[in-house]
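*Asks:* So you can see what is in the structure, the chains are spelled out below.
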Amino acid sequence: MSSRRSRSRQSSGASRISDDQIADLVSRLQQLIPEIRNRRSDKVSASKVLQETCNYIRSLHREVDDLSDRLSELLESTDSDSAQAAIIRSLLM
Amino acid sequence: MAESSSISNPDANSNLSRKRRKIEPKTPAGAPTETGRPRWQNDVEQQIYSLKLVDALCHLRRPDSAAATSRAVRDAADQVLAVSARGKTRWSRAILTGRLSLRLAHINKKHKKAAKRAAVGESRTKKPAVQKKLPPLEKKVKVLSRLVPGCRKVSLPNLLEETTDYIAALEMQVKAMTFLTGLLNGAVSSSAAASGDSSLADRG
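Protein chains in written order, with my numbering: chain A, 5 to 97; chain B, 987 to 1190.
Read the hints as simulated data drawn from the structure, not as lab findings. No residue lacks a Cβ here, since even glycine has one placed at the ideal position from N, Cα and C. Among the clues, some could well be false.
Stated by the list, open to error - Across the chosen pairs, the derived CB separations fall in these ranges:
id: 1; chain 1: B; residue 1: 1044; chain 2: A; residue 2: 66; range: 33 to 39 Å
id: 2; chain 1: B; residue 1: 1031; chain 2: A; residue 2: 62; range: 22 to 28 Å
id: 3; chain 1: B; residue 1: 1100; chain 2: A; residue 2: 23; range: 14 to 20 Å
id: 4; chain 1: A; residue 1: 42; chain 2: B; residue 2: 1122; range: 21 to 27 Å
id: 5; chain 1: A; residue 1: 89; chain 2: B; residue 2: 1083; range: 32 to 38 Å
id: 6; chain 1: B; residue 1: 1027; chain 2: A; residue 2: 51; range: 47 to 53 Å
id: 7; chain 1: B; residue 1: 1171; chain 2: A; residue 2: 27; range: 16 to 22 Å
Next comes chain A alone, as it looks inside the complex (with noise of 0.2 Å):
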């Protein structure tokens, strides 16, 4: 329903409307990424913002990868009991 709404106002002529959606929406991911944040430069291009924003979920994809092969690892050694109830002391406290 929501695609629909986004299509008819595409259709509308409205680039005007969706330049300042894109320029609004970039900004906001400008503060996401690290990378972009620490360098603190105000004028930063949209298509630098997204490259660094491909980089960075493809490292943080990356890490996810790293940290399930860790798991996956350790939990073949651990038995699922001990290790259950390690997490979920540790959790409560």
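Since the structure of chain A is already known, use the hints to place chain B on it.
*Replies:* For chain B alone, kept in the frame of chain A given last:
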């Protein structure tokens, strides 16, 4: 919106749709969903995620046939993450439905690749430029849309919104999994030490 989500996932979302009907009159009609950092940076949210992930991983280990491969762990982590999103974002819905239609997706990909090869590069160059954007920017948008699950045919503002939520969710996932790994490391070393002590006690 509640109707569409209940159609896609009747079992999981039947309770959610009931809750939404109660909440809907309170929130204004045009209010956007609560995306962004405050949702995912919550410590409570992270703890809930860790608990659910542990539960899912223990369910993984019970059937002895399926070993806890890293792919299985990754899939479980993504599933739990998507469930935590409570169906409000497109990427989470894509992850949840992706599992069900995995084979269909493979078949569709094969058909699409065959169709593209038949069309070669002619159709691509003749695409009408409806939106006046620079080609390199367009390419990056496409790359980004491929990275975020379920967002390949999504308009640019929606894609950017999904991306902000997805990045925040991924960061939480990394934090929670790091935390779990540290805990399990501690559990392994302590159990190893305990078994070592007990063996020493037996000998002594």
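*Asks:* Against each hint, give a clear statement of whether it holds in the structure.
*Replies:* The hints, checked one at a time:
1. B:1044 / A:66: 33 to 39 Å: violated (26 Å)
2. B:1031 / A:62: 22 to 28 Å: holds (24 Å)
3. B:1100 / A:23: 14 to 20 Å: Given range 14 to 20 Å: violated, Cβ gap about 37 Å.
4. A:42 / B:1122: 21 to 27 Å: Since residue 42 (chain A) and residue 1122 (chain B) have Cβ atoms about 25 Å apart, the given range 21 to 27 Å holds.
5. A:89 / B:1083: 32 to 38 Å: holds (34 Å)
6. B:1027 / A:51: 47 to 53 Å: Roughly 28 Å apart at Cβ, these two residues miss the hinted range, so it is violated.
7. B:1171 / A:27: 16 to 22 Å: Between residue 1171 (chain B) and residue 27 (chain A), where Cβ atoms are some 45 Å apart, the hint is violated.
In summary, the numbered hints that this structure violates are 1, 3, 6 and 7.
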